[in-house]
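Undergrad: Sequence:
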Amino acid sequence: MATVFINYRTGDGEKTALLIDRELSGILGGEDHVFRATRSIKPGQRFPEELLGNVRRATVVLAVIGPAWARSPRLRDKDDWVRRELLEAFTFGIPVVPVLEGPGARRLDPADLPLELKWLAEVQSERLDVEDLQAGLRRLFTRLAEWIPSLGSVVRPDLRPVAPDSGSVSNTADSVHGPLLQGRDITAGDVGTGIKNNHGIAHLGSGNVYRDSQHFSGDGATYVAGDSHGGIGHRFGNSREDGEGKR
2 MATVFINYRT GDGEKTALLI DRELSGILGG EDHVFRATRS IKPGQRFPEE LLGNVRRATV
62 VLAVIGPAWA RSPRLRDKDD WVRRELLEAF TFGIPVVPVL EGPGARRLDP ADLPLELKWL
122 AEVQSERLDV EDLQAGLRRL FTRLAEWIPS LGSVVRPDLR PVAPDSGSVS NTADSVHGPL
182 LQGRDITAGD VGTGIKNNHG IAHLGSGNVY RDSQHFSGDG ATYVAGDSHG GIGHRFGNSR
242 EDGEGKR
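Under the numbering used here, the first residue of the sequence shown is numbered 2, with each subsequent residue one higher.
No lab work stands behind these hints: they were computed from the structure. A hint or two may mislead.
Using 35 Å as the maximum straight-line C-alpha spacing, the simulated DSBU-like pairs for lysine-lysine come out as follows [unchecked claim]:
#1 Lys119 / Lys43
#2 Lys79 / Lys119
#3 Lys119 / Lys16
#4 Lys16 / Lys79
#5 Lys79 / Lys43
#6 Lys43 / Lys16
Source: prediction; values computed, not measured.
Put together the whole structure using the sequences plus the hints.
TA: Following this line, the structure appears as structure tokens:
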């Protein structure tokens, strides 16, 4: 039985519906807990029964509202499935949460909706922007935890970062491709720097490293790599120590 029913219009919100489906299915323990018509209705199944039956059995309905959602003439068609699913939820008292797609999405205006759906403009909505997806999903799942308690163990709205004390160590690593070692207070064995599959010079410690390059020392030098087409001249009248002292 699906816990969350995702209501959306193909071509106007389906990508957001897919993102929500993928994330919620992973958190809730499988695709059976989330109903999204394109994925959930199997070949040979009668879609009217599947759509309306799963709306009635859902704990909550998410209505994905794309940029052109309210302007679609299909919303006023009595046979439109987006409309029918929402009215079915309303009739059976299933909570509906409008999910506004994009950073500039406006709250629904009752003037833009058919009479039967004007109630949707009075329902508190959530905004989901793909440019700030994780924050948006966190807000949405926090809201859903009101009806699905198991989400509360994954997303806690009151959780705040704890400042480390003077004796603690915090480590973070993003986009690591290869071995990673982080630690503190190692009581057995040695901890150092490990390098694997290196393709260049690695310098781990003090001193200079010279490889395939010229090494010069003294008061001055001239080095030309390539062709020279003019004269080069130097005069070193004082030692380095004398020159430094005249600053």
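Undergrad: If a hint holds in the structure, say so; if it does not, say that too.
TA: We went through each hint and held it up to the structure:
For the hint pairing Lys119 with Lys43, the CA-to-CA distance comes to about 33 Å; that is within 35 Å, so the pair holds. For the given pair, Lys79 sits about 15 Å from Lys119 by alpha-carbon distance, which is consistent with the 35 Å threshold. The suggested pairing of Lys119 with Lys16 holds, with an alpha-carbon distance near 25 Å, which does not exceed 35 Å. At most 35 Å may separate the alpha-carbon atoms for a hinted pair to count; Lys16 and Lys79 meet this at roughly 25 Å.
Between Lys79 and Lys43, the direct Cα distance comes to roughly 25 Å. Compliance with the 35 Å bound is thereby established for this hinted pair. In summary, the hint linking Lys43 to Lys16 is supported, as the alpha carbons are separated by about 20 Å, within the 35 Å threshold.
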